[in-house]
Amino acid sequence: MGKADSVFEVIGPIMIGPSSSHTAAAVRIGQISLAVMGEPVVEAIIQLHGSYALTGKGHGTDKAIIAGLLGYDAADERIKKSLAIAKEQGMKVKFQNVDLGEDYHPNTLRLLIAGTSGTHFEITAVSVGGGNISIIEINGLPIYLSGEYHTLITIHNDRPGIVAKASSLIAQSKVNISTMHVSRQRRGGLAAMAVEMDQPLPPSVISELEDQAQIVRIIPPIY
Amino acid sequence: MYYDSMKQLIRLAGRQKKCIGDIVLAVEAEQEDESPSTIRGQMVISWEVMKLALERGITEDIRSVSGLSGGDAKLLFSREPKFLSSEVSNAVARALGVAEVNASMGRIVACPTAGSCGIVPAALLLAKEKLELDEAAIIKALFTAAGIGIVCSLNASISGAEGGCQAECGVAAAMAAGALTELAGGSPTMVGHAVALTLSNMLGLVCDPVAGLVEVPCVLRNGGALMQALLGADLALTGIKSRIPVDEVIGAMREVGEALPESLRETSLGGLANTPTGVRLRRKLA
Ligand code: SF4
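Chains A and B supply the protein sequences, listed in that same order. Heads up, the first sequence is in the working numbering, so the first residue is 1 and it goes up one at a time. Heads up, the second sequence is in the working numbering, so the first residue is 224 and it goes up one at a time.
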């Protein structure tokens with residue numbers, strides 16, 4: 001866990017118990033996955049690895065992650081009833097205990113989700129302690145985002161130009177970059193970019209990037 | 224303004240003739256580039272959530288998902304204690320109650336963590352009633368507590384997985400002791416001693432949650448840690464001093480945490496989690 005140097009990291013977050021790493025973090029992973037999906041989720045397969053597989057149920061990880069996918073935040077009292085609510089709303093939910101191998105952190109979750117328009121995503125996330133999380137893969141592409149910042153995500157074909165274009169759009173918007181992560185399957189293959197920023201990007205950036213990437217998302221900070 | 228030790232915090236308070244809570248608030252406002260009243264407003268919201276959890280814990284019938292915890296706080300609150308004063312016993316019940324609310328997927332404020340969320344709220348509510356304080360005093364005391372938590376986090380840890388339960392319930396007790404000392408009119412130096420004395424009593428406490436759940440012994444420890452906080456505050460207010468300076472005690476907490484085997488740092492492989500009953504419960508709940 002990182003060092004807490006602000007008051008509300010020590011007294012906070014306001015959350016639904018019982019565990020910041022298993023419950024609050026799982027809600028945030030669900031929330032961010034919903035934002036990446038960009039439309040309501042109708043089907044979710046949740047794969048639990050490591051300690052999530054061992055103790056997820058008692059910590060309410062199952063309810064927490066579905067609550068996040070429903071768009072609830074970590075302080076929402078509906079978390080406790082999220083599985084029933086999901087059922088009511090017709091969201092298909094399945095949980096699987098998996099072993100992703102030793103390369104993965106003991107608190108790893110993988111979500112296979114489908115949206116109303118049939119879009120699919122596979123999102124892998126880690127709870128790193130104290131309710132903080134990292135999204136480490138989207139559709140098998142390594143990526144890094146914490147969800148604590150305004151984040152621009154793209155999935156695009158690896159060719160020159162898009163990273164430069166995104167950087168210049170961000171610079172033009174007078175937005176400060178906090179972290180930037182780019183990865184690709186292979187040269188010329190599919191690539192992913194995540195840029196964490198201190199300020200929000202104007203939504204017009206999306207349309208400017210959309211013709212160069214399959215997927216463009218701007219996600220607000222999620223606490 | 225800046226602090227990363229209790230010594231600096233105490234010195235800043237002394238120099239500006241302010242209490243530690245004021246300094247912590249001022250530094251936070253500066254750091255976050257927000258007005259102090261905005262920051263204070265956020266803390267008011269946290270205190271409201273704490274009060275609701277304090278109330279729920281002793282009035283509702285609470286059961287956790289696993290069934291391992293719930294009901295003890297209400298029971299304790301309804302009985303006359305044999306040895307403790309009623310006030311202290313009620314405060315312990317409230318600390319247990321908040322922790323039970325947490326275990327039952329209720330809403331709480333992590334303080335510093337979810338597992339140790341009952342200690343500071345129960346201590347502050349006791350102080351509010353006993354010393355007849357207004358809400359503003361409690362909000363300020365929460366900043367005092369937060370400053371202590373920040374120093375512990377920067378110099379040791381506030382995570383059971385890193386430093387054992389001394390880092391969660393221990394730090395919560397230290398936060399509560401310092402806040403109580405300031406609320407009762409103690410000087411910044413006395414706050415430092417309250418923190419040092421309390422943490423000294425919590426040193427070495429392991430993190431051994433049964434079946435990996437934040438219930439046994441977590442709920443109980445909120446009660447024990449609260450009592451240590453009351454003791455530490457009373458000792459410091461009497462003028463008793465910690466023979467080891469407070470920042471050195473926090474350093475010792477880090478060292479002890481690092482020396483703890485992994486089995487006693489939230490892995491549920493040792494301690495109460497590894498007793499025959501603990502192992503049986505884990506199998507049953509898996
Ligand atoms: S035993 Fe471990 S999980 Fe429980 S309160 Fe203590 S540090 Fe937290």
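Check each hint, because a few of them may be wrong.
Result set (DSS-like, lysine-lysine): computed pairs, CA atoms no more than 25 Å apart in a straight line [what the hints assert, rightly or not]:
#, chain 1, residue 1, chain 2, residue 2
1, A, LYS80, B, LYS274
2, B, LYS241, B, LYS351
3, A, LYS80, B, LYS464
4, A, LYS81, B, LYS241
5, A, LYS94, A, LYS80
6, B, LYS230, A, LYS80
7, A, LYS3, B, LYS230
8, A, LYS81, B, LYS464
9, B, LYS507, B, LYS230
10, B, LYS507, A, LYS94
11, B, LYS507, A, LYS57
12, A, LYS94, A, LYS81
13, B, LYS507, A, LYS81
Please keep in mind that the hints were generated in silico from the structure rather than gathered at the bench. Every value quoted in this text rests on a predicted model; they were computed, and no experiment measured them.
Each hint, compared with the structure:
Straight-line distance between C-alpha atoms of LYS80 (chain A) and LYS274 (chain B) comes to about 20 Å, which keeps the hinted pair within the 25 Å bound. Distance hint between LYS241 (chain B) and LYS351 (chain B) is fulfilled; the C-alpha atoms sit about 20 Å from each other, no more than 25 Å. Taking the CA atoms of LYS80 (chain A) and LYS464 (chain B), the gap is about 46 Å. The hint is violated against a cut of 25 Å. About 46 Å separates the Cα atoms of LYS81 (chain A) and LYS241 (chain B), which puts this hinted pair outside 25 Å; it is violated.
Between LYS94 (chain A) and LYS80 (chain A) the alpha-carbon distance is near 17 Å, which keeps this suggested pair within the 25 Å criterion. Under the criterion of a C-alpha separation no larger than 25 Å, the hint pairing LYS230 (chain B) with LYS80 (chain A) is inconsistent with the structure, at around 43 Å. For the proposed pair LYS3 (chain A) and LYS230 (chain B), the alpha carbon gap of about 19 Å is at most 25 Å, so the pair holds. Between the alpha carbons of LYS81 (chain A) and LYS464 (chain B) the distance comes to roughly 50 Å, so the proposed pair goes past 25 Å and is violated.
Under the criterion of a C-alpha separation no larger than 25 Å, the hint pairing LYS507 (chain B) with LYS230 (chain B) is inconsistent with the structure, at around 49 Å. Distance hint between LYS507 (chain B) and LYS94 (chain A) is fulfilled; the C-alpha atoms sit about 22 Å from each other, no more than 25 Å. Taking the CA atoms of LYS507 (chain B) and LYS57 (chain A), the gap is about 12 Å. The hint holds against a cut of 25 Å. This hinted pair checks out: LYS94 (chain A) and LYS81 (chain A) have alpha carbons roughly 16 Å apart, not beyond 25 Å.
Between LYS507 (chain B) and LYS81 (chain A), the direct Cα distance comes to roughly 23 Å. Compliance with the 25 Å bound is thereby established for this hinted pair.
Checked against the numbered hints given earlier, the structure breaks hints 3, 4, 6, 8, 9 and satisfies all the rest.
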